[in-house]
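Peer 1: So the chains spell out like this:
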Amino acid sequence: MDRVEILKTYKIYIGGAFPRTESGRYYVPVHGNKQLGNICLSSRKDFRNAVVAARSACGKWSGKSAANRSQVMYRIAEILEGRKSQFVQELQFQGSTKSKAEQEVHASIDRLIYYAGWCDKFSQVFSSVNPVASAHFNFTAPEPMGVISICAPEDSGLLGLVDAVAPVLAGGNTCVALASEGMPLCAITFAEVLNASDVPGGTVNILTGKRTELLEHMASHMDVNGFLYCGSDEEEIRKVQSLAVENLKRVSISTSEKLLSSERQNPYCIEDFVEMKTTWHPIEIISGSGSGY
Amino acid sequence: MAKSPKLEFDVGWDLSPAPESTDHINLKGQYDLFINGKWTKPSSGKYFKTVNPANEKVLAEIAEANEKDIDKAVQAARKAYVEVWSKMPAAERGKYIYRIARLIQERAREFAVIESMDGGKAIRESRDVDVPLAAGHFFYYAGWADKLEYAFPNRRVHSLGVAGQIIPWNFPLLMAAWKIAPALATGNTVVIKSAETTPLTLYKLAEVIEASGIPPGVVNIVSGAGETGAAIVNHPDVDKIAFTGSTGVGKIIQRAVVGTNKKTTLELGGKAANIIFEDAPLDQAVEGVINGIYFNQGHVCCAGSRLFIQESVSDLVLRKLKDRMESLIVGDPLDKNTDIGAINSKEQLGTINHFIKTGKDEGAEMYQNSCSLPDKGYWCRPTLFTNVSQSSKIVQEEIFGPVLAVQTFRTIDEVISKANNTPYGLSAGVWTDKGSKIFNLTSQMKAGIVWANTYNKFDPTSPFGGYKESGFGREGGLHGLKPYLKI
Amino acid sequence: MGNKNKFSDFRVTARIDQVGIGDRIARIRSRSIKKEAKLQGLKMILNMIDLTTLEGADTTGKVQQLCNKAKFLHASNPELPTVAAVCVYPNFVSQAKKELEKTRIKVASVATAFPAGQSSMEVKIKDTKLAVDGGADEVDMVISRGRFHQGEYSYVYDEIAAVKEACGKARLKVILETGELGSLDKVRRASDIAIYAGADFIKTSTGKIKPAATLPVTCVMLEAIRDYFYETGSMVGMKPAGGISNAKLALQYLMLVKETLGNGWLSNEWFRYGASSLANDVLMQIEKQRTGIYQSKDYFSKD
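Chains as they are written, first to last, in this note's numbering: chain A, 111 to 403; chain B, 810 to 1296; chain C, 312 to 614.
Mixed in with the good hints, there may be bad ones.
Claimed, not checked - The calculated lysine to any residue pairs, modelled on SDA-like cross-linking and capped at a C-alpha distance of 25 Å, are:
#	chain 1	residue 1	chain 2	residue 2
1	B	K1295	A	Q234
2	B	K1166	B	K1145
3	C	K559	B	D937
4	B	K1145	C	K345
5	C	K519	C	H460
6	C	K354	B	E817
7	B	K815	C	G544
8	B	K1072	A	A251
None of these hints come from the bench; they were simulated from the model.
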């Protein structure tokens, strides 16, 4: 007799732990007439808890040195590389062909590596020392924005999520991401990858569920600083933009076009989720030539 | 020899009046809209009056633009964009902006005097800060026009099109410069609206723009109240909205552009913390507090309106602060010795007085300097409140007047959490002689501008803008280009 | 030691930010002092001048001329106040005292191995006594800058206190020679030492070193005086010396005093200018205010 396979329970990822949704609800995404599993139908309370976790992780993640963040992100890629086959299987299970699935996994790993490399470089590209007319040293440098809501693309289970999360992380932010509703499996498996790497708990939180339920709360929560919306549903975009006004969340809209293309890779995606801070300090004027004081 | 240890500032050697002359000022009785390079009557035929807040006299009548006029202005801007401005070689575009900078410098004194007459700000500030900085902004951005490819690595940038710009009443000419200069340098055309109470220098700028020979329609200048602003924001052919003003109005604008492709820059309110540690250069810190809250009558979005003093030096700092306040002169904005001019409008004075009353009702202790105030006009003495807490209204809300709320603190982590405990995030000040503490504090402050051992410094090369509900986008410096470009 | 009993640790005196001081001074300089205020200010300045000659080539003839100038500043306008004092070397004190008999003009003498101050404490005390015995109303001493730079603050303090004791009734002005101190922080430290050790006045410079008095340095010293006043209620005087040669600059100093210390310091009991050519420029400005006509130096006596 064949061995009986152990089936995987997909849970959500909050604060470095894998709880079930507090609501106890589930939904069953399907591909064709195949059921993908019992997936957590996260509630607004799950989202709220995730924001609390993300906020408290802000210091832990942004407080790491940029070089260290870079290594942690590299570590995510390393672990993803080691679990390639699991992701390929899941992608196939969700309807992809083997070669397309492999392509997507490879691109996801490479994207992580790409943004891992930016962690300790982007601020050099976007900073400036400003030659002010007065006797002051003046510089402008990016700082993390804080907690970002991410609505991952619907049509790409893994790469879409990685493409959204990586630049946000590279910028030193923490996030709460809502996985693709129809293809949520890789998102939760990716959470396991994050959990196995050295990402502090709460830095990335991943929920599964329905945009129709959660989008509103993700956009309106007063303790969220930015919103990355991936998709092109005009009504949803409108909703996000209007609700974001309440605390002036920075909203960025990203389509899921050309996800595989290297055109998607650029530090301007990081710049969307940083704040530029300008600092002034006086420069004492006593010169070696004895011009006096 | 021991006397009661109180310094006396109120009797003795007093300064004689030193009013800046208004002889050389060229003001017309009436200003029309400046659309498509022509002075244009408003389609409604309506004009509103602008008043000198120092004597309540009417200075001029200004055309009020309605939806029709805005449409005309946007059409002119679009036409100028498509036919001329977007096709012009960038270096040539830059030369026009340089011309504007030079023309402002040539007429600096006139600009300064009119700014003080229309807005009530002390001539010392309009002469030494507003006007030179405005010219400086045009000069700075003029040079960027043909160098944009160096600002955005690996990107070819494109202008947006027509920029709709709405400026506040606290720094009329300077805010116009902050808006117009980068917009033009990046190849956009402009429709800009002045605030209702301070339109005059924008129309003097229109004269300069006319004299610069810049093609008609590249800059269009209008005036009016909220409805006029709404007409700009809602116009379907505007690609970009840049707004400086209150957080309340900023949110209305942001809601209005939902679902459009309009890019926005919002520079909104603030309630900045100014933090003095016991190891600070205290006398300079006191001077920084004075500049921080009483500059421009406190009508400054980045005003250091919340002062935090480390408890071990709070008595000493307060004493120094009060003595320094005593030497401040409140009065005629045109007098060269005036430190604090007139409150911009009757309405704003009402708002400030309401906050002062609230402060007293909440049990805070008030101190004001003892100078005399003119009979006519809108005035407010420099004011500070002690015995307040984070929950006091005057600590939480932006007053936009010369009113300082003072709290004490004990430890670094306490003051960091209190300083950041606000929905705003425009600016902050930190005073300590210890370098490592400065860098800790400046990075912990959730604010777009942090002044360490200085306050309220501005420069064309220095980006300005907020975190959180103080808005987004930066104005000034290299970072001020991006909001006007597709990259 | 010293007539003030509160001692501070001079290694940790108040911090100074030079750029902030510069901002403050820029604001003072932008004050417009015109008309009545200008005239009033100019008259105060005249009355605050220590008319000075401190040269190796000083003679009895030169000192006599200087005293005459002090008594009769400008013959055509006898209403004007006189200067505060004449300032000479110790060996001319008794002569000057005699020349200025029956006037209210004080005689000040430099002492303590002026200008370098490089001598023993014993010699400095003797030098001081020479001046005081000659009848000096005021003694202008120099601090030991070398010792100060060596960090021997107690030595500097004790020396000032000893000289103060030797002064008896004469008022002591302590010259910091700020041009040799190197930073505003050190100016502040030296000010504190001098004040706590018993100085009646603190003074910027000997006039032999450049830079001499500047507005930023004076601002720092006035702040030290203010902090001492806050602490003790006692007033200390201030004397910028050297480099203040025109009326406009002198008015800016006066404004700085007014806005830092208030009106209580606006008399020659608490504020002096150490200068030789300032008086004539002030006189010219007063004449200009009086007549409305720009003046020529040829109409004002040079002594």
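Peer 1: Indicate, hint by hint, whether the structure satisfies it.
Peer 2: To see whether the hints hold, each was checked on the structure:
no.	hint	verdict
1	K1295/B / Q234/A	holds, 21 Å
2	K1166/B / K1145/B	violated, 31 Å
3	K559/C / D937/B	holds, 20 Å
4	K1145/B / K345/C	holds, 11 Å
5	K519/C / H460/C	holds, 19 Å
6	K354/C / E817/B	holds, 21 Å
7	K815/B / G544/C	holds, 8 Å
8	K1072/B / A251/A	holds, 23 Å
When the structure is compared with the earlier hints, a violation turns up for hint 2 alone.
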